[in-house]
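Here are the chains, one letter per residue:
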Amino acid sequence: MAGTGRAPLRDRPDILVRVEDLTVEFPVGRHEVVHAVSGISFDVAEGETLGIVGESGCGKSTVARSIIRLNTIKSGHVIYHDKDLATLEGEDLRRVRPDLQMIFQDPISSLNPRRRVRAVISEGLSIWGDDKGVWSQDRIEELMVAVGIDPEFGERRAHQFSGGQCQRIGIARALALDPKVLICDEPVSALDVSVQAQILNLLEEMKSRYGLTLMFISHDLSVVKNVSDRIIVMYLGKACEIGTADELYERPRHPYTRALLASIPEPATTVDVAEGNITGELPSPINPPRGCRFHTRCQHVTDICRAEEPQMVAVGGDHFVACHHPVEVALAL
Amino acid sequence: MTEIIETPQVPEVVPKKVLGVAFWVAIGWLFIVSLIALLAPVLPIDDPGEIGAGGPREGPSWANWFGTDALGRDVFSRTAWGARISLVVGLLAITLGIVVGGSLGMIAGFFRGWIDHVISFVFFTLLSFPALVLALLITATFDRSLRTVSLTLGVLAIAPVGRLARASTLVFAEREFVQAARVLGAKSRRIIVKELLPNVLIPMGALSLLGMGIAIVAEGGLAFLGLSVEGDAISWGKSIVDGSQSRDLQNNPNVAMFPIGVMFLTVLSLNFAGDRVREYFDVKESAF
Amino acid sequence: MADTQLSVTDLQVRFPTDRGVVEALNGVSFDLEKGQMLGIVGESGSGKSVTAKTLMNLLPRTAEIDGEVIFEGEDVRAVARERRKHFWGVKMTMVFQDPMTSLNPVKRCGEQIAETLRYHLGHGRKMALRGATDLLGQVGVPEPAKRVHQYPHELSGGLRQRVVIAMALACEPSLLIADEPTTAVDVTVQKHILDLLDRLRREREMSMILITHDLGVARGRCDDVAVMYAGRIVERSATETLFNESRHPYTDALLRSIPHIDQPSHTRLDPIPGRPPEMINPPVRCAYAPRCRHAREDCLTSIPTMGGVTGVHEFACHHPANTDRGDAALAANVAVGVTPAGLHLTAGAGSE
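Chains as they are written, first to last, in the numbering used here: chain A, 1 to 333; chain B, 1001 to 1288; chain C, 2001 to 2352.
Treat the hints with care, since some could be wrong.
Subject to a maximum C-alpha distance of 16 Å in a straight line, what follows is the list of computed EDC-like cross-link-like pairs (lysine to aspartate or glutamate) [to be verified]: (1) Lys74(A) to Glu152(A); (2) Lys1187(B) to Asp21(A); (3) Lys74(A) to Glu20(A); (4) Lys2091(C) to Asp2186(C); (5) Lys1187(B) to Glu91(A); (6) Lys2091(C) to Glu2072(C); (7) Lys2053(C) to Asp2066(C); (8) Lys74(A) to Glu89(A); (9) Lys1187(B) to Glu20(A).
It is worth saying that the hints were derived from the structure and are not from the lab. The structure presented is a predicted model; accordingly, all values stated were derived computationally and were not measured.
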């Protein structure tokens, strides 16, 4: 997988966030670095939901956190409204923050146990109160009602709520500033099965109600497909395949995407279950394989995969794959 | 397009935590001691310096509740007046420790990097420096006023308090609610004050009660070295020293034992209250 | 087939706490036949892990346990003291969600497996280590001779879980309880672990209880599935029956609420309203009633007992889904727009 190249970038006027060649490295020890994300390019159009899917260690969360600058970016660009978020610092960075908000994985950890729900939700408004005009309690009530928390409980503290309720509170907090982009980092994976659908539906509702653009990170292929318009499959810091949700799951071309789809307990019908038997261990991100990063575990590996990194190429419509030997699939449905 | 999808029910019966009877007994004791200390000048008790308020080396009586010392001074009034100095020393010392150590520790834990290295180095230096030598040095260099003694003990409190503040800050700074605040656009100062401080303050508050107890005992230690508050000022430490010649301890144990008892109960109460306070505010963050 | 290996009858577990008595299990009964794979599915707090821990005698001393557990004709709760140390971990063993909780971080993997062999089977040092290498090979650990000398932290999550499984298999158990064995690993690894468990069970004719929150895992791997809710088994049958003809409204709703890989994107999900109930002093009613679209007055006054066809498809519901009685209950609720438990039904909810 190892795909680099800007082929998946679209030339459309409604592109809201454009990520170019994003590279993130974390130092470990004295001389080594973890290659968390290595040259990934994609864009998100306004009103779209972009899903990022992959296994642990693939860099999907790092991509999300880099866009809102919760980690430092080694190189590359994150273009939002003619500004490069990758290089913004200090007050300039702080000024664009309200536009890009985030929902975290652990709903309990993401709420301050010492603060009351109302204070948590109004935090953004009180930070920006001076610039964005006076905010009222009505706004807080409106948000609480919107996410399904009875305003009557506004004076309670977070630890008195269940996981699903905490996630609702986290969503209200993020929405208070009227963001344009909402980044959801595994928002339902810590929740009970029966509560996950509530939160997924809530996110969809909030999206249409407040005109949001969503980036949805998850390891759960079914969940990502359900919420996304367009999906990126990542492996070891690289993008393997990008495409519209239905197209990608209908006609997966990259051997890794196919392996994922074949590995889940109830495999997708578009792949052969045997494709799920990928062998070997995930290579270390400190010392990733040369060439295609997936070549050590790929059933279709040839010499070129070991030597040369595949570029992202279009394989019909809005569907891109970074593989020297993309799997041929029947084009008819 | 949507109304409330549902109104999640929060359990109405939130278990009420109780501090317990023993806590209130401890607080009651601290309150009485503080009140007596505060009112010592107006209470109808003997002048603590008055020689011959009773006969020398008398046991407890109606006139002199705690008896008298070798010079016939009233031990009760000396203990009451001693509380003024001892409590103030304890309070000042720990306040200094909390304010300086706490802020340094939080700054170190929040910003990490070289700031953390510098501050941690200061803490380590303070911790490695023999406390007694430091106390000797300060009191020898400066005067032995109430201010200096408090300052000395306060300096000694900085490192332990600071290290606790740093450790708790490190834990909470990792939490997602701190990142959420950052994403909302909160500045570092706001994050420290609004998000971290309320969380760090709980263990610090408990520690400050404990630390006050330690400072009070430490003052007693200084008194034995003759390094406590100079002149006519009376502290618990000095009162105990007064009654601690071996002859007195054998024949008139009341002179040393009453201040020791009062000090013991006070420090015990502080420790106990500190522990309960920490437990009381400790929230279990389990989802239902 | 009719060879019952494990028989659990009316198992009840209560934990006294500061806030009151947590009624973790309220009468759990099931039978497990030799060589069978039973899936226990439920959300956190449903009692699925408590069930496993009760079987394994792993509950804290404060727990109050009632009921009967017969394993291979023997009352487990009456196992004599001196036989205890060679009972659990030998005939009946367990694999946990996080392999690191079962592995000692400062001991080599081989040593840990060898220790089990020496303790329970009385093997000598050399023989035990050879046995350990052999076991690692059987569970598909590559280069077992090298891995026995490695520490747990040197292995990936998937390999660690294999080491734990090897350890559990050391004494050739006849029942293996796997508590969320793949929750902490990625999907590609999950497939390997589940394949392995499946293979081992067939090779060794072992019975297995697979505890999971993932309906897909249960559906793909188990012969029978039991669904737990609030400390009770609410439905139990052969896997395909359960998924295709679910009768308990909870099972039914759960299946509808989960996105499926073959659905087109943006398929609207049908979530279960509300959240799982409190387990402290639960009122006498069907625990699912407040969230149930089928709930009628009788659901609020009595706890439904297991009905259906005994041993084939059992469910504890007064108004089972996809039956005339259930449809009538739902229709009656939709007609007034609210269930007797106060759950508001939107217009769409009635379309089955």
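Taking the hints in turn, this is what the structure says about them:
1. Lys74(A) to Glu152(A): violated, 46 Å
2. Lys1187(B) to Asp21(A): Roughly 29 Å between the alpha carbons, so the hint for Lys1187(B) and Asp21(A) is violated.
3. Lys74(A) to Glu20(A): Holds, because 12 Å separates the two Cα atoms, which is no more than 16 Å.
4. Lys2091(C) to Asp2186(C): violated, 30 Å
5. Lys1187(B) to Glu91(A): Answer holds: Lys1187(B) to Glu91(A) is near 9 Å, not above 16 Å.
6. Lys2091(C) to Glu2072(C): Distance ~10 Å between Lys2091(C) and Glu2072(C) Cα, so the pair holds.
7. Lys2053(C) to Asp2066(C): holds, 14 Å
8. Lys74(A) to Glu89(A): holds, 14 Å
9. Lys1187(B) to Glu20(A): It is violated: about 28 Å lies between the C-alpha atoms, which goes past 16 Å.
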